[in-house]
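Student: Residue numbering for the sequence shown follows our numbering, starting at 1 and increasing by one per position.
Just so you know, these hints were derived from the structure itself, not from any lab.
A couple of the hints might just be wrong.
[As the list claims (entries may be wrong)] Quick list of in silico lysine-lysine cross-link-like pairs, BS3-like style, CA-CA up to 30 angstroms:
#1 Lys111 - Lys89
#2 Lys406 - Lys481
#3 Lys406 - Lys328
#4 Lys406 - Lys361
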Amino acid sequence: MNSLVCTVLFVSQDPKANKSAKAVFADERHYRLINCETEQDAAEKFNNVDCQLIICDEAVLANVRKNFLVTARVKGPQTARIVFGDDSKSERIGKIARNSAAFLRMRKPLKSEHLGMVAKRALEMAELSRRHRILSRELKLSIDDDLFGGHKEEAIKAPWSRFEKLIYVSPSMDALCAAARQAARTELPILIQGETGTGKELLARAVHYNSSRRESPMHVQNCGGVTDEALHSELFGHVSGGFPGAISDRLGLFRAADGGTVFLDEISEISPAFQVSLLRFLQEGEVKPLGSDFVQTADVRIIAASNRPLGRLVSEGKFRKDLYYRLKGFELDIPALRDRVDDIPALAAFFLERAAEINSKRIVGISREALDKLSMYDFPGNVRELEMEISRAAALAYNNSYILPKHFSEVIASIEARKDSLASIEADGRTLKEIIEDLESQIVFRVLTRLNWNQSKAAQSLGLSRVGIANKIKRYSLDQKARQLNE
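Using the sequences and the hints given, assemble the complete structure.
Tutor: Structure follows, in structure tokens:
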């Protein structure tokens with residue numbers, strides 16, 4: 001998505017209002033218009049796309065206090081919000097506007113010229129509000145510098161890039177998102193690999209909403225811990241009486257998402273028998289519900305994800321090679337957070353802004369010491385764990401203050417500055433050969449893990465041949481080490 005394009009979420013069931021919106025936001029060089037008719041649909045779209053402007057019909061909102069616009073204010077405080085209705089001065093619209101902090105109100109019927117002008121003004125107001133927050137933080141910083149002699153605290157000032165809801169600054173994520181944008185333009189299946197908590201589903205949703213299928217549904221199925229019968233029922237559907245307990249027909253996600261996308265998480269966990277069923281669907285697009293004699297078709301794009309490297313599972317005989325190659329039309333590997341430390345300040349700033357809004361607080365920033373501790377922590381839970389740490393810290397911090405180390409969990413708050421690794425190596429009494437072999441083993445294992453055990457990519461990264469890296473895996477028993485860690 002071009003960062004210069006403004007995404008507009010237009011929520012209304014009024015045909016005339018929708019027609020005006022299409023006329024105003026028709027230029028795809030400057031706008032991406034997403035139409036929704038219900039609060040539920042609007043909430044789903046807002047949770048999955050990077051939206052700059054919401055224009056919402058008050059008739060769609062069931063409650064003046066708890067509604068989509070109020071949720072959008074909390075989750076996306078920088079998003080401009082406009083509410084419109086039959087009478088822009090009515091008490092109901094007034095309450096909705098106040099509760100959601102809507103920038104402007106409009107009255108039906110929406111005239112194209114007026115709508116365009118009001119939308120532009122709302123975006124300008126949102127930008128002014130953003131700049132005001134930045135200036136307020138900088139003023140607080142300058143006062144603190146005077147009081148504490150300078151350099152005691154700092155607010156995070158981390159401009160970031162976005163691919164819908166993915167936030168990043170690192171070159172590795174920039175390359176990944178560029179590849180994902182290219183993949184979105186195709187109809188090929190996509191295989192996303194990465195550790196738990198790295199954002200595989202967010203990436204899948206970003207691909208879907210940047211593809212030609214974005215107007216059709218995207219459905220999600222976690223394949224872990226599900227029996228073959230239950231998984232077949234969820235994906236292919238069933239007819240009444242198809243199996244014990246099937247008291248009614250079930251459409252199945254493949255047919256429910258016809259024209260759209262199905263995201264299969266933890267694809268590595270499906271049984272060999274179900275791998276055959278999925279392979280046939282990928283080849284033929286055929287759907288046969290449980291208990292039915294009739295075969296139907298469904299046009300869906302499959303995006304699969306795994307936190308275990310499928311290539312290694314194939315080599316171990318635990319995953320079908322033909323299914324693996326069917327799934328990896330595009331292969332996207334999300335790096336662990338510890339391998340893209342540059343993203344931590346940007347992610348922390350993003351999560352902090354949202355957490356502060358949820359807690360109705362004004363938090364200036366994160367102290368340098370606190371940020372250093374975040375950067376030194378390995379985050380085994382990746383981005384999800386960082387988000388929880390920032391949410392916790394924001395809840396504990398005082399209003400108009402900074403996030404400090406004491407606001408983090410003990411495991412992060414107790415981190416000390418890293419010692420010189422060479423000093424620790426020299427002191428442990430091993431021979432030079434043993435030290436070098438140990439370092440080589442750790443480096444090769446870390447690169448393989450980061451690249452989801454893709455030996456070709458790891459060999460290229462380390463400047464080795466395929467034979468060379470295979471020899472090192474065997475020499476240091478790295479495959480056995482990986483199996484032990486996954487048990």
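Student: All the hints need checking, so say for each whether the structure fits it.
Tutor: Status of the hints after comparison with the structure:
no., hint, verdict
1, Lys111 - Lys89, "18 angstroms, holds"
2, Lys406 - Lys481, "36 angstroms, violated"
3, Lys406 - Lys328, "44 angstroms, violated"
4, Lys406 - Lys361, "18 angstroms, holds"
When the structure is compared with the earlier hints, violations turn up for hints 2 and 3 and for no others.
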